[in-house]
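Participant: Sequence order for the protein chains is A and B. According to my numbering, the first sequence is numbered sequentially starting from 1. According to my numbering, the second sequence is numbered sequentially starting from 1.
Please keep in mind that the hints were generated in silico from the structure rather than gathered at the bench. Some hints here could point you the wrong way.
Since the list gives no way to pick out one identical chain from another, each pair is judged satisfied if it fits inside one copy or across any two copies.
[To be verified] No more than 30 Å apart at the CA atoms, straight line, and that leaves these computed lysine-lysine pairs for DSSO-like: (1) LYS215 x LYS146; (2) LYS46 x LYS241; (3) LYS46 x LYS3; (4) LYS215 x LYS241; (5) LYS146 x LYS241.
Protein chains: 2
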Amino acid sequence: MNKRTVFFISDSTGVTAETLGHSLLTQFDAENFNQVTLPFVDTIDKADHAVVTINQVAADEGVRPIIFSTLVRDDIREHLLPAEGLFLDFFQTFIAPLEAELGVRSSHAEGRAHGLIDENQYDQRIEATNFALNNDDGTQTRDYEKADVILVGVSRSGKTPTCLYLALTYGVFAANFPLSEDELESGRLPALIEPHRDKLYGLTIEPLRLQQIRKERRATGRYSTIQQVNYEIRAAEQLFKRCGINFLDTTHSSIEEISSNILNSTGIERRVRP
Amino acid sequence: MNKRTVFFISDSTGVTAETLGHSLLTQFDAENFNQVTLPFVDTIDKADHAVVTINQVAADEGVRPIIFSTLVRDDIREHLLPAEGLFLDFFQTFIAPLEAELGVRSSHAEGRAHGLIDENQYDQRIEATNFALNNDDGTQTRDYEKADVILVGVSRSGKTPTCLYLALTYGVFAANFPLSEDELESGRLPALIEPHRDKLYGLTIEPLRLQQIRKERRATGRYSTIQQVNYEIRAAEQLFKRCGINFLDTTHSSIEEISSNILNSTGIERRVRP
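Taking the hints into account, I'd like the entire structure generated from these sequences.
Facilitator: In structure tokens, the structure reads:
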């Protein structure tokens with residue numbers, strides 16, 4: 001298979017077109033594609049300009065590109081149709097059956113998917129992000145009353161990025177608390193989080209993967225020895241089991257999967273929808 | 001229009017189904033929908049269980065739900081088809097034309113869109129997130145040599161969430177540096193960022209909106225007076241113009257739009273694709 005160029009074209013950020021196209025491309029061999037995003041194609045002029053770009057690539061590569069688009073306005077979409085490429089438009093495909101089902105016409109308003117329609121949603125996400133930052137690593141604020149969830153686990157098990165992702169994507173208030181060696185030795189839940197037992201959710205990880213991650217941070221010292229890593233993980237998992245804390249192995253999961261799993265198994269409500 | 005229930009069904013996290021479904025729903029009136037995500041439907045058993053859930057909702061509400069799905073395995077999808085709902089599957093719709101175009105069969109492997117296929121991609125995102133955290137607010141590390149972009153702007157103009165979003169979504173290394181009153185008074189670029197002028201990108205915001213955001217943080221004091229906010233924003237914008245720094249008004253934009261705009265206008269390469 002020759003390398004193909006894939007265009008993501010949108011009248012807004014291109015995030016939806018990228019998400020759609022990328023999911024589909026993972027079903028093929030992703031290395032075979034050059035990916036180009038053309039966001040904010042919201043005038044006929046820009047659409048015509050995009051056609052020139054696409055046709056140039058088609059001519060240069062001798063094979064027509066694939067175009068994933070999320071164009072709401074029919075007139076802009078029509079100007080893109082003559083482009084030399086396989087044109088897959090997401091709105092055109094699904095808006096009609098939805099209109100028929102709902103018995104109403106869609107608004108045909110562009111840029112609503114990831115635009116700031118609702119300041120409340122923006123504020124929610126920002127507030128949740130600030131909460132995650134302030135309640136990171138158990139060191140600063142410990143505003144656990146307000147937390148939807150408190151992630152616990154050993155150093156570098158994925159707590160911080162997961163909290164930030166939960167905040168930015170879903171507006172969920174996620175704190176995190178590290179299980180240090182002292183706490184693991186006592187075999188008890190740290191006094192600071194013990195009162196919030198119901199909100200605790202554990203993250204664990206395979207020792208070899210954790211060692212690899214820790215080595216990137218600190219190449220030498222006990223912190224990244226396999227003995228230390230083995231000990232901490234075993235002790236953390238025993239603590240989770242003893243205290244009846246749900247936990248998840250993050251080794252083979254993406255940040256999205258970890259987050260989705262947490263929401264799914266705790267039943268925490270998304271305050272914002274992606 | 002009666003309130004409809006919408007299901008997002010996926011064999012993986014549901015993030016793709018949510019993103020795509022949500023984009024479509026924004027073309028209608030989003031308040032008219034109850035949204036339910038059923039992730040990790042990766043066995044026939046779970047598919048049958050989802051059908052029971054959907055049919056129950058259909059019976060209770062007297063109107064059939066809308067089902068957005070991203071199911072890769074045909075056998076699982078087939079078990080969902082009898083559900084009482086409008087079934088819109090994103091993979092089924094687009095995989096066939098893609099296979100025809102590329103002349104190859106897709107892998108039909110589930111959970112690849114947001115799964116951890118590639119540890120490098122995960123590491124990139126984590127590294128970028130740590131970079132954003134360490135280079136936040138100009139206070140700690142100032143590892144600007146490694147930055148792809150350094151966001152500058154007054155307090156609460158949206159720098160931190162944008163940096164984190166760029167890191168988590170695209171693996172981009174984004175630092176940020178606040179323009180404090182002292183710096184604005186001098187009318188010059190702070191000495192710490194002056195050597196990295198090419199990497200600077202400004203954020204600005206309308207005074208009334210900034211005042212509202214600041215008031216949520218500190219209700220009283222000069223920080224959130226309209227005079228102070230007006231002064232800081234005018235001075236920051238003048239500085240951007242004088243120094244030839246690209247800048248963006250974040251007032252009516254979502255975090256996705258701000259991020260997408262920055263990548264688009266700077267030409268910074270995405271290290272990771274959503």
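Participant: Is it within a copy, between copies, both, or neither that the alpha carbon of LYS215 lies no farther than 30 Å from that of LYS241?
Facilitator: Result: close within a single copy only, 28 Å intra versus 44 Å inter.
Participant: With 30 Å as the alpha-carbon cut-off, assign the pair LYS146 and LYS241 to within, between, both or neither.
Facilitator: Within. Shortest intra-copy distance 25 Å satisfies the 30 Å Cα cut-off; inter-copy 42 Å does not.
Participant: Please sort LYS215 with LYS146 into within, between, both or neither, judging by C-alpha distance up to 30 Å.
Facilitator: Answer is between: at 20 Å across copies they meet the 30 Å cutoff, but 34 Å inside does not.
Participant: Under a CA distance limit of 30 Å, which applies to LYS46 and LYS3: within one copy, between copies, both, or neither?
Facilitator: Answer is within; shortest intra-copy Cα gap is 26 Å, inter-copy 38 Å.
Participant: With identical chains treated as interchangeable, where does the CA-CA distance between LYS46 and LYS241 reach 30 Å or less: within a copy, between copies, both, or neither?
Facilitator: between (58 Å within a copy, 26 Å between copies)
This entry satisfies every hint, going by the numbered hints stated previously.
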